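Those protein sequence lines, which keep their order, are chains A and B.
The first sequence begins at 1 in this note's numbering and counts up one residue at a time.
The second sequence begins at 1 in this note's numbering and counts up one residue at a time.
If you're looking for bench data, these hints aren't it; they were derived computationally from the structure.
Nothing here was measured: the structure is a model prediction, and the numbers come from that model.
Check the hints yourself; a few may be wrong.
No distinction is drawn between identical chains; accordingly, a pair holds when it is met within one copy or between any pair of copies.
[Unchecked claim] Distance condition first, Cα-Cα at most 25 Å in a straight line; then the derived DMTMM-like pairs of lysine to aspartate or glutamate:
| id | residue 1 | residue 2 |
| --- | --- | --- |
| 1 | K142 | E179 |
| 2 | K59 | E76 |
| 3 | K219 | D80 |
| 4 | K7 | E27 |
| 5 | K219 | D47 |
| 6 | K142 | D88 |
| 7 | K121 | E84 |
| 8 | K90 | D108 |
| 9 | K196 | E27 |
| 10 | K219 | E84 |
| 11 | K219 | E27 |
| 12 | K7 | D112 |
| 13 | K7 | D71 |
| 14 | K219 | E95 |
| 15 | K142 | D5 |
2 protein chains.
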Amino acid sequence: MTLHDVKAFVFDVFGTVVDWRGGVAREAAPFLQRYGAAGSQPEAFADAWRSRYVPAMRKIISGQRSFVRLDVLHRENLLDVLPEFGIDPKTVPSEALDELNLAWHRLDPWPDSITGLQRLKARHIIAPLSNGNIRLMVDLAKRAGLPWDAILGAEIAQIYKPDPQAYLRTAEALMLKPEEVCLVAAHNDDLAAARKCGLRTAFIARPYERGPGQTVDLKAESDWDVVANDMNELADAVGA
Amino acid sequence: MTLHDVKAFVFDVFGTVVDWRGGVAREAAPFLQRYGAAGSQPEAFADAWRSRYVPAMRKIISGQRSFVRLDVLHRENLLDVLPEFGIDPKTVPSEALDELNLAWHRLDPWPDSITGLQRLKARHIIAPLSNGNIRLMVDLAKRAGLPWDAILGAEIAQIYKPDPQAYLRTAEALMLKPEEVCLVAAHNDDLAAARKCGLRTAFIARPYERGPGQTVDLKAESDWDVVANDMNELADAVGA
Numbered sequence: 001m002t003l004h005d006v007k008a009f010v011f012d013v014f015g016t017v018v019d020w021r022g023g024v025a026r027e028a029a030p031f032l033q034r035y036g037a038a039g040s041q042p043e044a045f046a047d048a049w050r051s052r053y054v055p056a057m058r059k060i061i062s063g064q065r066s067f068v069r070l071d072v073l074h075r076e077n078l079l080d081v082l083p084e085f086g087i088d089p090k091t092v093p094s095e096a097l098d099e100l101n102l103a104w105h106r107l108d109p110w111p112d113s114i115t116g117l118q119r120l121k122a123r124h125i126i127a128p129l130s131n132g133n134i135r136l137m138v139d140l141a142k143r144a145g146l147p148w149d150a151i152l153g154a155e156i157a158q159i160y161k162p163d164p165q166a167y168l169r170t171a172e173a174l175m176l177k178p179e180e181v182c183l184v185a186a187h188n189d190d191l192a193a194a195r196k197c198g199l200r201t202a203f204i205a206r207p208y209e210r211g212p213g214q215t216v217d218l219k220a221e222s223d224w225d226v227v228a229n230d231m232n233e234l235a236d237a238v239g240a
Numbered sequence: 001m002t003l004h005d006v007k008a009f010v011f012d013v014f015g016t017v018v019d020w021r022g023g024v025a026r027e028a029a030p031f032l033q034r035y036g037a038a039g040s041q042p043e044a045f046a047d048a049w050r051s052r053y054v055p056a057m058r059k060i061i062s063g064q065r066s067f068v069r070l071d072v073l074h075r076e077n078l079l080d081v082l083p084e085f086g087i088d089p090k091t092v093p094s095e096a097l098d099e100l101n102l103a104w105h106r107l108d109p110w111p112d113s114i115t116g117l118q119r120l121k122a123r124h125i126i127a128p129l130s131n132g133n134i135r136l137m138v139d140l141a142k143r144a145g146l147p148w149d150a151i152l153g154a155e156i157a158q159i160y161k162p163d164p165q166a167y168l169r170t171a172e173a174l175m176l177k178p179e180e181v182c183l184v185a186a187h188n189d190d191l192a193a194a195r196k197c198g199l200r201t202a203f204i205a206r207p208y209e210r211g212p213g214q215t216v217d218l219k220a221e222s223d224w225d226v227v228a229n230d231m232n233e234l235a236d237a238v239g240a
């Protein structure tokens, strides 16, 4: 068992632990209805909003822009995406935009997430290593009952994944060597970046994260230390 | 109720949530026996070790020294205190010193801490605002079952209490105004520093924190927003 020395499992959250697409679509639906885009698909809106996430972070990773928390990027991206759905942001009260932005704080976990995390927690430290900010992660966890031991990730590291420092500073905050930390993610590129930093890697398949037409991350694309279909299979694999 | 708008309770930990003196003495006893100080009182050793804590932090708060985590200060202070008990640190294996240093990671909560925190957690964010480092707080919480929503405090803020930034950066990490955060502490000076930053304040009496001869912090020395005898009384006071 290559994960024998792992002391902490750290998790990608959006897509791996919680269903961002379903959660954002659920909250976008009444918003689109109310502000004149009743004919739009809420799932398409969630996809369009999410598609602006990586480009926005890249400006920070590249140093073009100082670190700001993900809530700020989500809010800017929301203004950017609305016209695509025929909504002029100026016609929407600021409070309604703030409220929709909080959809990202109210995402549901996948059915196996809670039990899997509880099992892993018994003998390991578990924490998010997410690009989501601290408050966002706290709100998600309190609403869903995610039993984290600590909230780690981009805001603690002050840099976004996949910058190597996001992984290395997380291990350092736990006073662990990189090889004592295992990243759990549904995304091959996240795992590849973690492996380059010396972390262990566990792939969880989430083939419907991006809806029924998902074409990426359908399966493990490398020999990750663990490949599992859900969080309980991961717990089984590490004897938790 | 002045705490109506409080969204988060943040906690001093050493002395307020856990019994550092009893826990350190428990682990120091066999150490002192083994390394030739069998006649010493383990509680006196705990007191002497702890007495070096504030001066060590002051060097960092004053800018004389860059931030290092509390585990580092504890380890240095341990080397400093041993000769006072007739032990030459050079005669002790480094691993034994490391192990004793981890006594601070294995402190027991006061009897009311867990139930009080669980009650407060139902409708508020709860997190340590301790000078202890992240890993130390995680280890304490896992061993004792402290149900924190996040681990905040000195290592996140990169500065020790009572520097104002320790309080302000904690509120900021939670995306809350200072007055939406209440510090819970058994120490009047900690509460005074928090109040200066605009936080709400709750005093919990821990009259035996420093043993039967305690002379400081026996009672509230100002009109803190709440004054309680234990964590459950605090939960009662805020309707949790």
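Going down the list of hints, with the structure as the test:
no. : hint        : result
1   : K142 / E179 : between (30 Å within a copy, 21 Å between copies)
2   : K59 / E76   : within (13 Å within a copy, 41 Å between copies)
3   : K219 / D80  : neither (32 Å within a copy, 55 Å between copies)
4   : K7 / E27    : between (37 Å within a copy, 23 Å between copies)
5   : K219 / D47  : within (20 Å within a copy, 56 Å between copies)
6   : K142 / D88  : neither (34 Å within a copy, 49 Å between copies)
7   : K121 / E84  : neither (43 Å within a copy, 41 Å between copies)
8   : K90 / D108  : neither (30 Å within a copy, 55 Å between copies)
9   : K196 / E27  : neither (37 Å within a copy, 40 Å between copies)
10  : K219 / E84  : neither (32 Å within a copy, 61 Å between copies)
11  : K219 / E27  : neither (29 Å within a copy, 49 Å between copies)
12  : K7 / D112   : within (22 Å within a copy, 30 Å between copies)
13  : K7 / D71    : between (30 Å within a copy, 18 Å between copies)
14  : K219 / E95  : neither (40 Å within a copy, 44 Å between copies)
15  : K142 / D5   : between (30 Å within a copy, 18 Å between copies)
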